[in-house]
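*Asks:* Could you put together the complete structure from these sequences and hints?
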Amino acid sequence: MVRVLLVTQEKGGVGKSVVARALAEAVDGAPIIEIDASPRLIELGDRVAFFPMRADRAAIERTGGRASRAEFDAVIDAIAKAVAPTIVDVGANTSASLLATLADVASDLKQAGVEMGVLVVVTAEPGALAEAPRLLKLSRGFASKRFVIENRLRGAVAPEQLEKLAAGAEVTSLAEQAIDEKASELLQAGGFASVPALDAGALNAAHGVALGARIRRDLARFRLEAMQAVRPAAEWLVDA
Amino acid sequence: MPDDKSRLERRYAGAQSKLSAAEASVRKASASALAKLLRLSLDRRLRVLAKPTPDLTDEDRERLAASVRKSQSAQPHPKTAPAAKRTSVGSWLHRRPRRFTVILGLTAAYAAMLLAIAINNTPERWVRFDPRLDIDARWALADGTPVATAGSKYQLYRQDGDADLLRAWIPRVGYAQTRIDPASLAPAD
Numbered sequence: 074m075v076r077v078l079l080v081t082q083e084k085g086g087v088g089k090s091v092v093a094r095a096l097a098e099a100v101d102g103a104p105i106i107e108i109d110a111s112p113r114l115i116e117l118g119d120r121v122a123f124f125p126m127r128a129d130r131a132a133i134e135r136t137g138g139r140a141s142r143a144e145f146d147a148v149i150d151a152i153a154k155a156v157a158p159t160i161v162d163v164g165a166n167t168s169a170s171l172l173a174t175l176a177d178v179a180s181d182l183k184q185a186g187v188e189m190g191v192l193v194v195v196t197a198e199p200g201a202l203a204e205a206p207r208l209l210k211l212s213r214g215f216a217s218k219r220f221v222i223e224n225r226l227r228g229a230v231a232p233e234q235l236e237k238l239a240a241g242a243e244v245t246s247l248a249e250q251a252i253d254e255k256a257s258e259l260l261q262a263g264g265f266a267s268v269p270a271l272d273a274g275a276l277n278a279a280h281g282v283a284l285g286a287r288i289r290r291d292l293a294r295f296r297l298e299a300m301q302a303v304r305p306a307a308e309w310l311v312d313a
Numbered sequence: 069m070p071d072d073k074s075r076l077e078r079r080y081a082g083a084q085s086k087l088s089a090a091e092a093s094v095r096k097a098s099a100s101a102l103a104k105l106l107r108l109s110l111d112r113r114l115r116v117l118a119k120p121t122p123d124l125t126d127e128d129r130e131r132l133a134a135s136v137r138k139s140q141s142a143q144p145h146p147k148t149a150p151a152a153k154r155t156s157v158g159s160w161l162h163r164r165p166r167r168f169t170v171i172l173g174l175t176a177a178y179a180a181m182l183l184a185i186a187i188n189n190t191p192e193r194w195v196r197f198d199p200r201l202d203i204d205a206r207w208a209l210a211d212g213t214p215v216a217t218a219g220s221k222y223q224l225y226r227q228d229g230d231a232d233l234l235r236a237w238i239p240r241v242g243y244a245q246t247r248i249d250p251a252s253l254a255p256a257d
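Residue numbers (our numbering), protein chains in the order written: chain A, 74 to 313; chain B, 69 to 257.
A hint or two may mislead.
Footprint (simulated), chain A over chain B, 3 or more residues, beta carbon under 8 Å [stated by the list, open to error]:
#1 79-87
#2 93-100
Straight line, CA to CA, 25 Å or less: simulated DSS-like cross-link-like pairs of lysine-lysine [claimed, not checked]:
#3 B:K73 with A:K183
#4 B:K73 with A:K154
#5 B:K119 with A:K255
#6 A:K183 with A:K218
Rather than coming from a laboratory, the hints here were simulated on the basis of the structure.
Note that beta-carbon positions come from the ideal geometry of N, C-alpha and C, so glycine has one too.
*Replies:* Structural data, given as structure tokens:
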């Protein structure tokens, strides 16, 4: 069996791409399926198979999800053809429709040798907190392992609330990151993949030794902490 | 698969060593900045510490603060009024004794003036007109405006030659005064 892990959350801006990038750093070389309105994981090059999602939220709600499901055929085919541990980064407003569709074809995927896992990213926001239990419930029938990552970029979720919504899923947390503004710009441009290759000399020449060193430290710390937050999911992914 | 697991372990170890190396660079840059700052005068080091010091680690900022404390304690103590110099007021007194004397004198004169006004305006006693007499008192405000008063008790606040000066408070108007023959007055109850 080959394992496929879906990174999900219906609400946007919760750090799904950060989590997907951290998984890509942890599971070196793992193929990535990206489903979104436009490609984001550009720095990962040909590791990424991008599937555009054109249906907007209004269309999805108006058609009861049919508008997005029609676009999932190619995604499901790509999942069925996975031959190595694969990360699926599911864009906002798409997770619930995709999970519902995957539930319908779960037995076919199992027959194709695919074992599914689901990771839900949650922040301390009402929208994200409301969606997380729904997504976990939708995946209960076909996901052999479920994970929740509490991204504290908007503060911590109350522990009892987190435990309740996780409903047995494995929970980890990613601390809020305080990084230098220049470091943030570099992260936007190159993602975590660019961190190991940062040129200390060039950074020092551009920003001075002290700021250059802080930029490298902030980025290395963020990358490591994000990798630690996804570690249980990464270990599951390669433990087939 | 074992290969995948060991590869995963190596990725995490690599990320950890990247962070350790970056932290070492930050500490080195901070130590270099601290060495330069420690050569500055006490005043300049104080100005540095008054602002955030992102180029210093927390530990090096504390070292800079410790150097300031050490420099301050090494400064000679003043020869006079050491206790007074510990406060800002005391320090000012110590530096400007003449100005302090002038301000103290002005304050004392102002206080004496207020005391004199208070004594001058304090009534000697309360009086009323002798009820057996039909007295036609002419009351006026301080500016001379004639005014009528009500009431039966008045303040005798000064004797002016053969007459007594009486004062009565008229609400929202002020004090009214009149001069009256002392023989027309009786003590108030």
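*Asks:* Each hint needs a verdict: does it hold in this structure or not?
*Replies:* Evaluated hints:
Coverage of the region 79-87 of chain B by chain A holds [criterion: at least 3 residues with CB-CB distance below 8 Å; count 7]. For the region 93-100 of chain B, the stated coverage by chain A holds: 6 residues have a C-beta nearer than 8 Å to a C-beta of that chain, and at least 3 were required. Proposed proximity of B:K73 and A:K183 is supported: the alpha carbons are some 23 Å apart, at most 25 Å. The suggested pairing of B:K73 with A:K154 holds, with an alpha-carbon distance near 23 Å, which does not exceed 25 Å.
Between B:K119 and A:K255, the direct Cα distance comes to roughly 21 Å. Compliance with the 25 Å bound is thereby established for this hinted pair. Taking the CA atoms of A:K183 and A:K218, the gap is near 14 Å; set against the 25 Å cutoff, the hint holds.
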